[in-house]
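On the provided structure of chain C, position chain D as indicated by the hints.
Letter by letter, the chains look like this.
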Amino acid sequence: KQEVTQIPAALSVPEGENLVLNCSFTDSAIYNLQWFRQDPGKGLTSLLLIQSSQREQTSGRLNASLDKSSGRSTLYIAASQPGDSATYLCAVRPDTGRRALTFGSGTRLQVQP
Amino acid sequence: DTGVSQDPRHKITKRGQNVTFRCDPISEHNRLYWYRQTLGQGPEFLTYFQNEAQLEKSRLLSDRFSAERPKGSFSTLEIQRTEQGDSAMYLCASSLVAGGASGNTIYFGEGSWLTVV
Numbered sequence: 001k002q003e004v005t006q007i008p009a010a011l012s013v014p015e016g017e018n019l020v021l022n023c024s025f026t027d028s029a030i031y032n033l034q035w036f037r038q039d040p041g042k043g044l045t046s047l048l049l050i051q052s053s054q055r056e057q058t059s060g061r062l063n064a065s066l067d068k069s070s071g072r073s074t075l076y077i078a079a080s081q082p083g084d085s086a087t088y089l090c091a092v093r094p095d096t097g098r099r100a101l102t103f104g105s106g107t108r109l110q111v112q113p
Numbered sequence: 114d115t116g117v118s119q120d121p122r123h124k125i126t127k128r129g130q131n132v133t134f135r136c137d138p139i140s141e142h143n144r145l146y147w148y149r150q151t152l153g154q155g156p157e158f159l160t161y162f163q164n165e166a167q168l169e170k171s172r173l174l175s176d177r178f179s180a181e182r183p184k185g186s187f188s189t190l191e192i193q194r195t196e197q198g199d200s201a202m203y204l205c206a207s208s209l210v211a212g213g214a215s216g217n218t219i220y221f222g223e224g225s226w227l228t229v230v
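Protein chains in written order, with our numbering: chain C, 1 to 113; chain D, 114 to 230.
With the rest of the complex left out, here is chain C (with noise of 0.2 Å):
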């Protein structure tokens, strides 16, 4: 069974600093991941998506790296802004034509202006 966990659960960073946050799966037979932003008792929006052949993808200031085959993704957001804040998931979608996403917990970001 597909497990993905994200690291760490909450941040607080000062606006303007760069940062990372971490997806971990265990299952590496994946077909793509994609990167999503909550904001707070809201529906999520997608950022980014990378497929299982990609290394990498970016939009803006969001970059999101794979690497497969150690079962991990990390989202880079430069220059973070107060508005950056929410709460960030990672998904997985099994590489078996089944088409259910496979979340994480979350990362709850916090930039303080």
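Don't read these hints as lab results, they were simulated from the structure. Possibly wrong hints are sitting among the right ones.
Reference excerpt, derived from the structure (chain C facing chain D, CB under 10 Å, subset only) [unchecked claim]:
(1) Ile7
(2) Ala29
(3) Asn32
(4) Gln34
(5) Gln38
(6) Lys42
(7) Leu44
(8) Thr45
(9) Ser46
(10) Ala78
(11) Ala91
(12) Arg98
(13) Phe103
Lysine-lysine pairs mimicking DSSO-like chemistry, simulated, CA-CA at most 30 Å apart [said to hold, decoys possible]:
(14) C:Lys1 x C:Lys42
(15) C:Lys42 x D:Lys124
(16) D:Lys170 x D:Lys124
(17) D:Lys184 x D:Lys170
(18) D:Lys170 x D:Lys127
(19) D:Lys127 x C:Lys42
(20) D:Lys184 x C:Lys42
(21) D:Lys124 x D:Lys184
(22) C:Lys1 x D:Lys170
(23) D:Lys184 x C:Lys1
By construction, the Cβ of each residue, glycine as well, lies at the ideal position given by its N, Cα and C atoms.
Frame of chain C, contents of chain D only:
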């Protein structure tokens, strides 16, 4: 394109009552998903439709839960004889797969909060 729409956004019900949630996916998205999320946890998969066919169901989807997508557009999730453990946010998501492409990004709605008292 108005995004994934869910209704109602909040529902408080007494234990034992039935509740129904509706999801309107992004127009022309052929895949629709239901997830459940409790506080402090990531979403858990419940079920998935491609067009009107329900192709996957989680074991979390007990016989009190039923989901439909009758015409391949909107979907409903019904919970019968609600229990306090059903209290959660129910999230709907949709995606588009065209031709053979299946990299697809999944788009989530704002969720429907259920509180069973």
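Restraint status (C-alpha distance of Lys124 (chain D) to Lys184 (chain D) at most 30 Å): holds, 25 Å
Proposed interface contact between Gln34 (chain C) and chain D, which counts if any beta carbon pair is under 10 Å: holds, 7 Å
Agreement of Lys170 (chain D) and Lys124 (chain D) with the hint, judged by alpha carbon distance not exceeding 30 Å: Holds - the C-alpha atoms of Lys124 (chain D) and Lys170 (chain D) are around 24 Å apart, at most 30 Å.
30 Å limit on alpha-carbon distance, applied to hinted pair Lys1 (chain C) and Lys170 (chain D): Measuring from Cα to Cα gives roughly 16 Å; hence the hint holds.
Chain D contact restraint for Gln38 (chain C) - C-beta distance below 10 Å: Interface hint status for Gln38 (chain C): holds (9 Å vs cutoff 10 Å).
30 Å Cα cutoff - pair Lys184 (chain D), Lys42 (chain C): holds, 28 Å
Restraint satisfaction for Phe103 (chain C) [CB to CB of chain D, less than 10 Å]: holds, 3 Å
Proposed interface contact between Asn32 (chain C) and chain D, which counts if any beta carbon pair is under 10 Å: Where the cut-off is 10 Å and the nearest Cβ of chain D is about 7 Å from Asn32 (chain C), the hint holds.
Interface hint outcome for Ala91 (chain C) [beta carbon to chain D under 10 Å]: holds, 7 Å
Lys184 (chain D) paired with Lys170 (chain D) [C-alpha distance capped at 30 Å]: With a Cα-Cα distance of about 19 Å, the restraint between Lys184 (chain D) and Lys170 (chain D) holds, given a limit of 30 Å.
30 Å Cα cutoff - pair Lys1 (chain C), Lys42 (chain C): holds, 28 Å
Interface hint outcome for Ile7 (chain C) [beta carbon to chain D under 10 Å]: violated, 14 Å
Figure legend: structure checked against the earlier numbered hints; hints not met, in rising order: 1, 2, 10, 23.
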